[in-house]
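Enquirer: Using the sequences plus the hints, can you model the full thing?
Protein chains in written order, with numbering that gives the first Met the number 0: chain A, 0 to 297; chain B, 0 to 297; chain C, 0 to 297; chain D, 0 to 297.
Any given hint might turn out to be false.
Claimed, not checked - With beta-carbon atoms standing in for the labels, derived distance ranges:
1) A/K9 with C/S84: 52 to 62 Å
2) A/D253 with C/D228: 29 to 39 Å
3) A/F141 with D/S226: 49 to 59 Å
4) D/K230 with C/E73: 34 to 44 Å
5) D/D197 with C/E293: 29 to 39 Å
6) C/E293 with D/H77: 53 to 63 Å
7) C/S124 with B/G86: 43 to 53 Å
8) B/E70 with C/E293: 41 to 51 Å
9) D/D197 with A/S241: 50 to 60 Å
Derived from the structure by calculation, the hints contain no laboratory data. Glycine residues also receive a C-beta, built at the ideal position from the N, C-alpha and C atoms.
Protein chains: 4
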Amino acid sequence: MKLGMIGLGKMGYNLVLNIMDNGHSVVGTDVNAEQVNNIIRDGAEGAFSIEELVEKLESPRVVWVMVPAGEITENVIHKLSGLLSAGDIVIDGGNSHYKKSIARGKLLDEKGIYFFDVGTSGGTSGARKDACTMIGGDPEVFKTIEPLFKDVSIQNGYLYAGPMGSGHYLKMIHNGIEYGMMAAIAEGFDILEKSEFDYDFEAVARVWNNGSVIRSWLMELTENAFSKDPKLEGIRGIMNSSGEGKWTIEEALDLQVAAPVITMSLLMRYRSLEDDTFTGKVVAALRNEFGGHEVVRK
Amino acid sequence: MKLGMIGLGKMGYNLVLNIMDNGHSVVGTDVNAEQVNNIIRDGAEGAFSIEELVEKLESPRVVWVMVPAGEITENVIHKLSGLLSAGDIVIDGGNSHYKKSIARGKLLDEKGIYFFDVGTSGGTSGARKDACTMIGGDPEVFKTIEPLFKDVSIQNGYLYAGPMGSGHYLKMIHNGIEYGMMAAIAEGFDILEKSEFDYDFEAVARVWNNGSVIRSWLMELTENAFSKDPKLEGIRGIMNSSGEGKWTIEEALDLQVAAPVITMSLLMRYRSLEDDTFTGKVVAALRNEFGGHEVVRK
Amino acid sequence: MKLGMIGLGKMGYNLVLNIMDNGHSVVGTDVNAEQVNNIIRDGAEGAFSIEELVEKLESPRVVWVMVPAGEITENVIHKLSGLLSAGDIVIDGGNSHYKKSIARGKLLDEKGIYFFDVGTSGGTSGARKDACTMIGGDPEVFKTIEPLFKDVSIQNGYLYAGPMGSGHYLKMIHNGIEYGMMAAIAEGFDILEKSEFDYDFEAVARVWNNGSVIRSWLMELTENAFSKDPKLEGIRGIMNSSGEGKWTIEEALDLQVAAPVITMSLLMRYRSLEDDTFTGKVVAALRNEFGGHEVVRK
Amino acid sequence: MKLGMIGLGKMGYNLVLNIMDNGHSVVGTDVNAEQVNNIIRDGAEGAFSIEELVEKLESPRVVWVMVPAGEITENVIHKLSGLLSAGDIVIDGGNSHYKKSIARGKLLDEKGIYFFDVGTSGGTSGARKDACTMIGGDPEVFKTIEPLFKDVSIQNGYLYAGPMGSGHYLKMIHNGIEYGMMAAIAEGFDILEKSEFDYDFEAVARVWNNGSVIRSWLMELTENAFSKDPKLEGIRGIMNSSGEGKWTIEEALDLQVAAPVITMSLLMRYRSLEDDTFTGKVVAALRNEFGGHEVVRK
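Expert: Below is the structure:
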């Protein structure tokens with residue numbers, strides 16, 4: 000199969016290599032011309048604009064979009080909707096909100112262009128080899144691109160999830176679970192860290208990765224992290240987030256599902272962004288008002 | 000009625016004044032002799048030891064203990080158990096754990112001494128005038144000291160709650176509710192503070208105190224606090240706690256009652272005691288491991 | 000002052016009576032003609048359509064909208080935008096989302112019509128007498144209608160909050176705080192209910208309303224509720240919600256404010272709507288898988 | 000090595016088989032004589048009392064206790080303290096509270112008997128083969144029994160964790176993390192279940208087990224569970240718990256560590272034990288009081 004890849008960042012670049020390793024050919028483009036030159040050196044065909052990329056593909060064209068979610072994805076897909084023809088296929092492999100994907104899919108559908116929303120997990124190493132992909136879109140047309148997903152993914156690592164939106168939805172929930180699992184692991188080590196015992200955290204993570212109920216890739220990554228910095232003394236506990244955890248919670252609220260564990264994992268991330276809180280100030284002021292408890296002055 | 004007061008701190012001292020205002024006489028003692036001299040000047044009889052205080056009372060003696068919960072209360076009550084006689088009455092008006100109160104009550108009961116555990120709310124101003132008291136102990140003997148509670152408390156502000164332990168239990172739960180209410184108010188103002196609008200917080204608290212569903216003494220105190228420092232710029236949001244919120248949650252866990260609101264209010268207090276968390280470090284390290292997300296280095 | 004009231008439900012009807020008690024005259028309309036006839040009997044002028052209501056007012060007209068939030072409010076305000084003239088004033092006293100209010104305000108503004116978003120608290124009894132109102136809109140024009148708010152509200156019970164949207168925003172946060180306070184109170188009584196003591200809940204609420212730190216209107220309502228049904232045996236613990244708690248949490252998420260107490264109060268409301276949960280099934284199935292723990296079969 | 004095993008339940012029996020597979024010999028006893036006869040048939044030496052078991056071992060004796068935590072473990076260890084001699088070794092492989100283990104270790108230490116507290120993870124299948132063990136106790140004496148743990152555990156699946164108590168502490172935290180991870184997974188599927196998409200949950204769990212960030216043994220067990228009952232229609236969502244999650248939270252409270260994710264996972268388990276809540280009744284009653292919102296009557 001021959002396809003186009005728009006976006007040659009960490010994820011897209013590795014995916015191109017992965018796709019080529021599996022015997023497909025790729026035309027790659029990126030706003031950064033250097034990345035295009037790099038991918039040419041690595042054996043792909045290059046294009047210095049989306050127009051050029053589209054021209055270098057033959058009908059029915061397959062274009063994989065791997066650019067940052069939000070406005071950039073929006074712009075790329077709008078541009079593609081003008082350049083592509085009926086029967087062509089657009090794949091959005093980024094972390095778009097599933098409602099946006101449904102809307103974009105409908106837009107493309109009006110022109111007879113097929114749209115697939117693909118959640119991609121496994122990090123950059125997964126993109127390079129053995130990805131995990133969750134795909135939403137037309138079930139019949141999917142069969143024509145199924146070999147691609149079978150090839151880039153680890154064994155049993157791709158899933159046709161259902162109609163448009165269902166792929167990104169699944170990735171959203173995956174990330175919500177990920178937030179909760181990470182927080183559970185982290186809280187456990189936080190208690191260990193304050194306990195009366197002096198544990199070797201790397202050794203603890205290692206034993207938990209061998210035979211315990213909580214063995215997991217995240218615990219293996221925990222082991223790796225402690226192997227590099229045994230007490231994590233070099234870093235600060237600022238927990239950023241890139242949106243999918245928040246979307247998961249907003250979705251849970253809309254569906255009236257009580258998901259307190261995933262919710263609290265996000266709320267503590269937000270809490271970590273602040274050195275001090277207004278909530279804390281109000282409570283401290285109130286304790287002073289009724290009980291004369293001293294407040295800490297700046 | 001004549002009674003002894005052990006402990007002339009913020010709460011005990013104000014209670015003595017309150018009790019005397021209501022026509023009773025008091026013998027007061029404290030480890031701090033200066034407080035004893037002060038209370039003598041204010042019209043009470045003084046005692047410079049618990050022994051002296053006991054001697055200055057007549058059978059059946061009534062002794063109110065108003066000292067810090069924990070070891071000090073334990074020691075005072077053990078000492079009293081040796082000095083008092085059958086038919087005497089001990090009142091613990093502090094914030095003791097109800098299980099300790101039950102144990103102490105049984106100890107005194109073996110010698111025929113009656114024990115009452117009294118939760119006291121309303122802060123120091125309430126102790127001085129119009130307290131709120133919740134009393135556990137023998138229902139018949141309670142009648143002999145009921146006038147005392149009726150006098151020191153605001154109208155309808157005392158309650159015979161049930162057997163030994165039930166008074167301190169009620170105070171514990173009262174404080175648990177207080178934690179939750181304070182946190183709810185504080186979180187609301189935290190959102191206001193970060194909102195796109197520029198509210199006058201004192202004015203907001205005032206309007207909410209007049210006719211709204213959330214009007215409350217805590218909201219009045221919030222109004223007071225903002226009247227002194229409109230944005231609470233002078234203080235830090237460190238939320239200490241003195242134990243009863245924690246006991247409430249431990250009790251809820253023992254009873255298998257899901258009380259997430261009160262629980263989270265305490266957990267956020269603990270969170271406020273730390274500048275950074277190990278939980279946060281682990282999550283930040285994990286995000287770096289799988290996604291290459293940058294960590295903030297120290 | 001003479002004004003129009005659109006919507007004669009529980010809140011609107013009581014507000015009309017309240018406004019008339021304060022010497023103003025009102026033209027009232029409602030989709031339900033019976034309510035119009037009722038309000039005529041109670042001394043107001045009636046109108047059987049919005050068009051008629053607008054005709055019966057003189058420029059600059061003041062129209063208070065008190066209809067259900069959402070589509071109905073949207074339709075009424077769109078209709079008014081076509082009927083009113085520059086210089087007229089529209090007040091939305093319902094529970095609209097502040098972002099909608101800002102959008103509606105801008106729409107009316109294009110025609111020179113002034114818009115005020117008004118959060119109204121205090122329940123139906125407050126609407127009848129001594130309401131609590133929080134008002135957003137143009138500060139200069141507000142002065143022309145300020146007497147109205149001063150009259151219908153309890154003393155100090157109205158607040159000019161800021162520009163358009165700030166009134167409904169404040170009401171939203173008020174309700175979020177309300178959710179948290181109610182949950183804190185309810186959790187406290189839940190622990191009491193499962194405790195080893197046999198408390199009289201009405202008496203407990205009463206003593207807490209007299210002198211304690213947690214005295215509040217909500218605790219007074221708790222006392223009322225227990226006076227009617229001492230153990231609440233006649234009702235089920237299904238906690239519905241009407242949207243403002245959810246909006247508060249969505250706003251907190253957008254602002255990255257950690258507000259776990261208000262959030263958990265809503266999540267437990269959602270949990271109460273389900274007899275059983277899929278979350279629970281998955282956890283039960285997992286416990287069976289790894290530990291052989293028995294599951295409860297249907 | 001020859002050792003005694005007290006307790007031939009699911010865990011103990013499988014451990015004996017595991018130990019014998021590795022070339023050690025075992026004397027087994029149980030309160031249930033049938034299990035003793037079974038283990039004799041399976042190649043172990045049997046004992047019908049703890050006394051008999053102790054007699055059949057030679058100094059320095061090694062006795063592994065694998066009985067239910069709490070009173071039974073307490074009784075067995077007290078009995079052993081009377082039967083064993085200086086230099087003997089007692090291993091508690093059950094889920095005892097680490098504070099109890101420290102106390103029991105000190106008791107045995109007074110008689111010169113060594114105590115090791117061992118957390119065992121991996122479920123019954125792990126006990127049979129490839130267990131995960133975390134061991135607390137004397138570091139020098141540990142070397143004499145290390146081969147045993149190396150043999151029964153999977154590769155890298157045993158850890159000398161530190162002094163007495165540290166093994167059970169680590170197992171406690173392991174279970175706390177397990178609670179949080181399970182809840183995160185379960186909440187994710189709960190949202191999927193209520194979503195607009197019709198997912199095949201077994202297929203979802205499978206794809207997540209192949210290449211995704213959340214791949215884990217718990218997700219594999221989730222896949223197994225859905226393979227047997229695709230929508231879990233046959234079971235109820237009642238989430239029991241056996242104590243270690245609660246201990247984790249109590250420990251976090253004592254250390255003032257905010258661990259909201261693990262905490263909420265337990266609280267939702269408690270919530271699942273109730274069909275209706277008093278919390279819900281109070282909130283419903285309050286909504287009725289101030290807003291006239293209808294309550295659901297029984």
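Enquirer: Indicate, hint by hint, whether the structure satisfies it.
Expert: Hints versus structure:
no., hint, verdict
1, A/K9 with C/S84: 52 to 62 Å, "holds (59 Å)"
2, A/D253 with C/D228: 29 to 39 Å, "holds (34 Å)"
3, A/F141 with D/S226: 49 to 59 Å, "violated (24 Å)"
4, D/K230 with C/E73: 34 to 44 Å, "holds (39 Å)"
5, D/D197 with C/E293: 29 to 39 Å, "holds (30 Å)"
6, C/E293 with D/H77: 53 to 63 Å, "violated (31 Å)"
7, C/S124 with B/G86: 43 to 53 Å, "holds (52 Å)"
8, B/E70 with C/E293: 41 to 51 Å, "holds (45 Å)"
9, D/D197 with A/S241: 50 to 60 Å, "violated (28 Å)"
This entry does not satisfy hints 3, 6, 9, going by the numbered hints stated previously.
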